[in-house]
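If you're matching them up, the sequences are chains V and Z in order.
Positions in the first sequence are counted from 1; adding 2 to them yields our numbering.
Positions in the second sequence are counted from 1; adding 20 to them yields our numbering.
To be clear, the hints were calculated from the coordinates, so they are not data collected in a lab.
Computed from a prediction, not measured in an experiment: that's the story for all the values here.
All the pointers check out, no bait thrown in.
Here are the simulated DSSO-like pairs of lysine-lysine, each with C-alpha atoms no more than 30 angstroms apart in a straight line:
no.: 1; chain 1: V; residue 1: Lys30; chain 2: Z; residue 2: Lys144
no.: 2; chain 1: Z; residue 1: Lys115; chain 2: V; residue 2: Lys30
no.: 3; chain 1: Z; residue 1: Lys368; chain 2: Z; residue 2: Lys266
Going by beta-carbon spacing under 7 angstroms, a handful of chain Z positions derived as facing chain V:
no.: 4; residue: Gly55
no.: 5; residue: Trp79
no.: 6; residue: Phe80
no.: 7; residue: Gly81
no.: 8; residue: Val96
no.: 9; residue: Gly99
no.: 10; residue: Pro112
no.: 11; residue: Asn114
no.: 12; residue: Lys115
A few chain V positions that, by computed beta-carbon distances, are all more than 12 angstroms from chain Z:
no.: 13; residue: Cys80
no.: 14; residue: Glu81
no.: 15; residue: Glu82
no.: 16; residue: Pro89
no.: 17; residue: Asn99
Using N, Cα and C, we set each Cβ at its ideal position, and we do this for glycine too.
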Amino acid sequence: MTEPMSSPDGAVRSIRVVLPQHLRALAKVGTEVTLHVGAPVTLRAVLDVLEARYPMLCGTIRDHVSQQRRPFLRFFACEEDLSHDSPDAPLPEPVVNGNEPLLIIGAIAGGFR
Amino acid sequence: MSKVRVLVGTHKGAFILSSDGKRKNWEISGPFFAGWEIYHMKGSPVDPNRIFVSQTSGWFGQIIQRSDDGGKTWTVPGGEKVPTPGPEPPAPSNKFVYDTSAETGAPLTTHQWYDGTQHPWEFKRVWHLEPSLTDAETVYAGVEDAALFRSTNGGTSWHEFAGLRGHGTGPKWQPGAGGMCLHTVILDPVDPGRIFIAISAAGAFRTDDGGKSWKPINKGLRSQYIPDPTAEVGHCVHHIAMSPKKPGVLFMQKHWDVMRSDDAGDNWHEVSGNLPTDFGFAIDVHAHEPETLYVVPIKSDSEHFPMDGKLRVYRSRSGGNEWEELSKGLPEKDCYVNVLRDAMAVDKLDDCGIYFGTTGGQVYCSADSGDTWAPIARDLPAVFSVEVQTLP
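Model the full assembly from the supplied sequences, consistent with the hints where possible.
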């Protein structure tokens, strides 16, 4: 759960992550945060670094114990829904090279009760 | 002159209402945590500037917030941003994990689900936060699925009292319409080892050894909606109130029936008396008169609004049975709001103030023990909880 400054092969990437509005308010950040993530850049690696950098987000995106994605959250990137992909699968190259952000999206499930 | 600070949790954020001791003019600050459900917020009796908040969301789960300056600023205990992450993971103040340890955890049982099958315990949210009467670092959390947790480091980390969930009757507990929530936590001001809790729909429980062991205290309750109306557990207790001036005397608003116990819950008897309906959620006791109590009768379990569209508080000055209608200043007609279980509170000023919030977003105050009422907030989101701090 630490933020690597370098990896054995030196491949530390700057990963852009866009948070939903409520989590931005909780973490007191703007629309997008940049995280330094060692290779291989996977969803799990990005979330590990995100939670280490912003501990108040622990448990808000994935369950503390099971590490399962919270049901009403989705992971999008490059116009693809990555929510059901393995958390250990490599993220798309445009995300890894910083050209595209990883989007963490609150599902549209509105209404009062 | 003394001041009062009213802490209001709503469907879409928290609000703080402040006034001097006259309780005529009010300032409203907030919304704090806008857009989140605030199930409960309560200040420490030891350090009134310390306020704990249960902030929840169907999307993002549970958050615990704390203020150490009376609500001006807030932090997630242990969750502050880390400039340079270290080797140790942060202390997750929203991590409520049922105790399954060999040392202290009772066997993790299942509980009864809506269809009668057994279902595993799953943490959903914190319904109630009860700060310690003697230590500003200690706070208790009643959660859904029903369990009691405690933090001894200002809300930074939490540990379950596994003896409650593992009591043995756990497999018979079942969720009410709002879930299987532990919604009431009462700390005995005289006996530090004694805690009362209530669960929908399991009933009331008490510990006399600081939380290690628990006993059901439901004798005398009668619930027609369960197979055995006088069962040891299974009763839908909506709320319990106790005057610190008479710690052994408890008052309960059950799903139906207003009840009283004079022996710390060992035995209950009904004191609904002349109430127009004995269904309701909220109940509280006057700060200085331990035999004066308040309820807000609600028409029925399917019609969650006042009788005849008239919002009324009922007061008993005799510890129950004889009730008087309090209506001056409250809506006379066309009022179809509800008053939820944690949405009534009293202040400690000489002329005791009574407060309650509605699902219509109004917060009402009586500065004269209930004789007259006035709205102190009219258009908030649906009110989940109301607590009051009396400040010097």
